[in-house]
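When you get a sec, could you build the whole thing from the sequences and use the hints?
Going down the list, the protein sequences come from chains Y and C.
So in this note's numbering the end of the first sequence lands on 262, straight run, no missing numbers.
So in this note's numbering the end of the second sequence lands on 525, straight run, no missing numbers.
FYI, nobody ran anything at the bench for these hints, they're computed from the structure.
Every residue gets a Cβ at the ideal spot worked out from N, C-alpha and C, and that includes glycine.
Please note that the accuracy of each hint is not assured.
[Unchecked claim] No farther apart than 16 Å at their CA atoms in a straight line, the calculated lysine to aspartate or glutamate pairs in the EDC-like style are these: (1) K84(Y) <-> D287(C); (2) K357(C) <-> D375(C); (3) K41(Y) <-> E315(C); (4) K307(C) <-> D56(Y); (5) K178(Y) <-> E78(Y); (6) K178(Y) <-> E315(C).
[Unchecked claim] Facing chain C, according to a computed beta carbon distance under 7 Å, are these residues of chain Y, among others: (7) A20; (8) W21; (9) L31; (10) V35; (11) I36; (12) A42; (13) V43; (14) T168; (15) I169; (16) N170; (17) V176; (18) M177; (19) A180; (20) L189; (21) V190; (22) F195.
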Amino acid sequence: MRKYIEFARVQMQVHAAYSAWFWANTFSVLLRMLVIYFFWKAVYSNRSEIEGMSFDGMTTYIIIAMFLQMFVSGVGRELAHTIKDGNVAIELMRPYHLITRLIAMDIGDKVIYFIRGALPLGILAFVFMDVTLPSTWQSGVLFLLSALMGIWIGTFFDLLIAILAFWTINLWGLEVMKEAVVSFFSGALVPLILFPEWFQTISLFLPFQAMVYVPVAIYTGILTGTEAWLAVGSQLIWAVLLFGLLRVLWSVAMKKVTIFGG
Amino acid sequence: MIRYIKLYYLFCKQNLKVMMEYRMDFLLGVLSVMLQQFAGIFFVKIVFDHIHELNGWTFYEILFIYGIAATGRSIHHIFFDNLWTLGWQYIRPGKFDRLLIRPINPLFHFIADRLQQDGFGQLFIGIIVLGTAMPHLDISWGFMEYVILIIMIIASGFIFVAVNLFFATLSFWMVDSLPIVWTIFNLSDFARYPLTIYHKGIRHLLTWIIPYGFTAFYPAAYFIKGSGFENLALLTPVAAIVSCALAYLFWNRGLKAFTSTGS
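Given below as structure tokens:
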């Protein structure tokens with residue numbers, strides 16, 4: 001356990017060292033917040049609600065979802081590149097579990113990004129963009145729980161996709177495709193209640209809405225009471241399922257590595 | 263000139279061979295970009311299921327803007343994608359020196375080094391979107407309209423190229439300017455919607471400083487009656503030429519300032 005904590009700590013320092021990317025990211029997030037703000041302002045210019053959501057409710061949803069989406073992808077890219085350049089063979093000989101090490105690094109990354117990036121930007125959004133707090137403290141607490149599970153699900157899904165790098169060389173394509181599917185089905189772009197019925201039904205059976213939609217819907221009061229608890233329950237099922245699936249796929253992939261000798 | 267065309271053909275042939283070697287990956291790349299673009303369009307569709315117009319713009323007009331942006335960007339994506347890699351794949355590992363000792367223009371060599379297959383997905387979806395939107399616009403499509411549309415799309419593509427070239431050139435001084443290139447590129451997100459919905463400051467920035475407005479909104483506005491931007495729209499090719507010239511001059515300055523990292 002100690003060594004993994006060490007990995008997380010070192011990753012925080014690495015994060016701090018690449019300050020150019022940090023500022024690029026911060027600036028891009030600010031730009032996206034501006035686009036979101038003006039777009040939805042235009043949408044609401046001659047109406048006061050859409051599907052029962054006010055302008056404030058909508059911007060709150062979209063901004064919180066945008067922040068959460070930054071945390072639902074993980075170290076898939078690192079894993080994919082390790083596989084691609086063949087370093088995975090060396091990594092496997094080292095005295096740690098590669099996946100666990102990557103997840104430890106990911107946690108380090110996310111903690112430091114939360115403190116340096118998401119928190120200050122979030123405060124800006126609260127001050128300047130009419131983003132509101134959850135209506136009750138219970139939904140606030142449930143949101144935190146649900147968001148952590150969403151991040152877990154997203155991280156494991158990301159790693160699952162990355163293992164496909166054993167079979168394809170187009171990592172960029174793989175990543176873009178994953179991003180598109182996730183932002184599409186997870187409700188990161190727009191609340192799922194705005195989608196057509198059939199689309200909502202499909203997403204019920206997919207893991208993506210558990211990543212972003214469920215926590216943010218709890219935050220904004222779209223999901224309350226029993227409904228909210230049921231949604232969190234389904235998140236738990238996905239979390240366990242993806243964890244198991246990753247282990248299975250990883251062991252299948254390991255057999256492939258031995259076949260080709262790394 | 264003819265020599266360069268021949269050379270480009272040879273470069274392309276090599277690139278195509280690589281593409282054909284990995285057919286699955288070609289398909290994956292094309293599909294992924296199509297899916298990415300489709301997600302953006304579906305988003306607009308969902309929003310328009312609940313409203314009729316956005317600041318006076320109809321669904322098909324927004325689609326049209328989107329289509330021009332996607333098609334223009336595909337030119338950039340297919341032929342000029344290597345601009346993204348100047349810092350981390352050429353200058354940092356010391357590979358850029360290789361281009362400087364060849365008897366051809368280094369910028370040409372650098373660009374021709376890669377043909378990006380994934381961009382074809384962007385092209386397909388752009389054409390599909392344009393085809394969907396065009397019949398719904400209040401304009402009769404004659405030969406002249408098509409010619410102007412194609413010129414506008416090419417200009418749009420070259421504005422994307424110019425902006426990326428300009429900021430990639432900073433790599434000559436700072437080794438890798440990718441974070442800056444990426445941030446500026448993200449500004450093009452604004453250009454997917456009518457610029458009229460934004461604050462005046464943003465509009466001026468995207469018109470006169472980083473001319474992403476000319477990659478989609480202004481060219482589209484040319485074809486939409488009563489948009490009030492018909493005259494500015496005519497400047498699109500001019501904007502493309504001016505920004506390409508500026509970027510190229512800047513690139514030449516960068517070349518002079520370049521000192522190798524040594525490999």
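Structure versus earlier hints, numbers of those that do not hold, lowest first: Failing hints, ascending: 4, 6, 11.
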